[in-house]
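Engineer: Chain by chain, the residues run as shown.
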Amino acid sequence: MSYTMTVSPDFSPDHIAGWYVFNTYLQRQLNIPIHLELYNNFDEQRKAIANNEIDLIFANPYDASMLVREKNFTAVAAPENSSDEAIIAVKEGSQIAHIEDLKEGTRIVTTDDPDVNMMGMIMLEPADLNKENTSTTIVDSYPLVAKQLIQGNADIGFFLDESFDSLSKFVKEQLSILIRSQIFVIRHVMLAGPKLEDKHQDIKNVLLNMLNDEKGPGVLNSLGISSWENQEHEDTEFMIDLMDTLVG
Amino acid sequence: MSTDVIERTEKTTTINYFDGSSKQVTILDEEIPYPDGKLIVSRTDKQGIITHCNQSFVDMSGYTEEEIIGQPHSILRHPDMPRAAFKDLWDTLKRSEKWHGYVKNLRKDGSYYWVYAIAIPNIRKGEIMGYTSVRRKPSRTQINECIELYANMMQEEQ
Ligand SMILES: Cc1cc2nc3c(=O)[nH]c(=O)nc-3n(C[C@H](O)[C@H](O)[C@H](O)COP(=O)(O)O)c2cc1C
Numbered sequence: 001m002s003y004t005m006t007v008s009p010d011f012s013p014d015h016i017a018g019w020y021v022f023n024t025y026l027q028r029q030l031n032i033p034i035h036l037e038l039y040n041n042f043d044e045q046r047k048a049i050a051n052n053e054i055d056l057i058f059a060n061p062y063d064a065s066m067l068v069r070e071k072n073f074t075a076v077a078a079p080e081n082s083s084d085e086a087i088i089a090v091k092e093g094s095q096i097a098h099i100e101d102l103k104e105g106t107r108i109v110t111t112d113d114p115d116v117n118m119m120g121m122i123m124l125e126p127a128d129l130n131k132e133n134t135s136t137t138i139v140d141s142y143p144l145v146a147k148q149l150i151q152g153n154a155d156i157g158f159f160l161d162e163s164f165d166s167l168s169k170f171v172k173e174q175l176s177i178l179i180r181s182q183i184f185v186i187r188h189v190m191l192a193g194p195k196l197e198d199k200h201q202d203i204k205n206v207l208l209n210m211l212n213d214e215k216g217p218g219v220l221n222s223l224g225i226s227s228w229e230n231q232e233h234e235d236t237e238f239m240i241d242l243m244d245t246l247v248g
Numbered sequence: 001m002s003t004d005v006i007e008r009t010e011k012t013t014t015i016n017y018f019d020g021s022s023k024q025v026t027i028l029d030e031e032i033p034y035p036d037g038k039l040i041v042s043r044t045d046k047q048g049i050i051t052h053c054n055q056s057f058v059d060m061s062g063y064t065e066e067e068i069i070g071q072p073h074s075i076l077r078h079p080d081m082p083r084a085a086f087k088d089l090w091d092t093l094k095r096s097e098k099w100h101g102y103v104k105n106l107r108k109d110g111s112y113y114w115v116y117a118i119a120i121p122n123i124r125k126g127e128i129m130g131y132t133s134v135r136r137k138p139s140r141t142q143i144n145e146c147i148e149l150y151a152n153m154m155q156e157e158q
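Sequence order for the protein chains is A and B. In terms of my numbering, the first sequence has 29 at position 29, counting the first letter as 1, and numbering is strictly consecutive. In terms of my numbering, the second sequence has 134 at position 134, counting the first letter as 1, and numbering is strictly consecutive.
Same shape as in the complex, but just chain A:
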């Protein structure tokens, strides 16, 4: 039997090659065939999940809930000391200095990244802003969010903090951070599906042992992950409970 692995479409483009390297590494360690399938956007990926085409996924926390509760996935590990945080930025020199300065009709530019959009909208609540009294433009990448802001086509932009931090110095100098979330508990997780059930422990062992393995550190480096840490089932349930309080 062959298995399919995928990665939340919000991964950094710098790490595409890294995921292929990681997949090769996993297949050698586990001695099973795994095909890596990358999707351009969250919609396409969710369709594949709905059709039960996915067995292993580095999932966005927003999708983790559906994967665990509806598709019987189990978390095996998560990148150590990492959390998903959102940034709301404006064009440098903007009159807006605080969230509370924002008014109805605010123009938002963002990507289709669901957890960043959720955190971004929550951070607008103190200004009484919501989906109904703002307008949102979705673009394909964070550099494009920056571009729209700089060109004045939007008032505020939502970023994943990592993606904001990795914008070029030249671009960052033309932006200013309004707010940066400090939530700490929401993060991407590696989830394995029911078809791989008898391999869950093996996958966990491989991931947790990567730092001690000869080839492991190089592979981690190409993923931009310092190491994997164990994610117990209850850790995942807790994160899903948190997401439940934040969604809708």
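Hint data in this document are derived by calculation from the structure and do not stem from the laboratory. Worth double-checking, as some hints may not be accurate.
Dumping the calculated EDC-like pairs for lysine to aspartate or glutamate here, alpha-carbon to alpha-carbon at most 20 Å [stated by the list, open to error]:
id: 1; chain 1: B; residue 1: 104; chain 2: A; residue 2: 128
id: 2; chain 1: A; residue 1: 71; chain 2: A; residue 2: 234
id: 3; chain 1: B; residue 1: 38; chain 2: A; residue 2: 244
id: 4; chain 1: B; residue 1: 104; chain 2: B; residue 2: 127
All figures in this text were calculated on a predicted structure; none of them were measured in a lab.
Here the structure of chain A is known, so what remains is to put chain B with the ligand in place on it, guided by the hints.
Structural biologist: Relative to the frame of chain A, chain B with the ligand by itself:
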């Protein structure tokens, strides 16, 4: 030369808890602003006793983590909060549903902070195993509406 006089009205009140006990608390008319970009998180067991809380919970409540764990959430109970709000919270959670509302919380030093709170039951294998609450920053408009609403509710509860 002018001097700003910061008026801190201080009074002592008795809070009567649902279980029949009561406590004398000092109330300061001083609001502590909600920290930007943060969530205040806590979890309880089935009885509502706090088992976990995050750093923002510690910072905003003014208690140490040791003082918080093992206590019920009523250590945050502010005398300006109507009883009906918490009855609604518990009734909703016991039906295994999500509750949300605005809450004025009391800090250890007697000052207060407003939150927009969401609470949910932690359901494992179909059973309620405990509760989680996540609070976020409310808007001033919503707070002002609640000040009026809660004052009216308190009057009716007299
Ligand atoms: C998950 C959860 C979170 C709660 N958070 C608060 C809170 O932040 N502030 C508060 O006054 N009561 C909170 N409560 C309600 C208290 O349990 C309690 O009902 C309330 O403080 C009123 O006190 P009393 O029931 O003793 O009258 C929470 C309850 C639960 C289950």
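Engineer: The structure should be examined with respect to each hint, and the outcome stated for every one.
Structural biologist: Do the hints match the structure? See the list:
no., hint, in the structure
1, 104(B) / 128(A), "holds, 19 Å"
2, 71(A) / 234(A), "holds, 17 Å"
3, 38(B) / 244(A), "holds, 17 Å"
4, 104(B) / 127(B), "violated, 30 Å"
Going through the hint list in order, the structure does not satisfy hint 4, though it satisfies all others.
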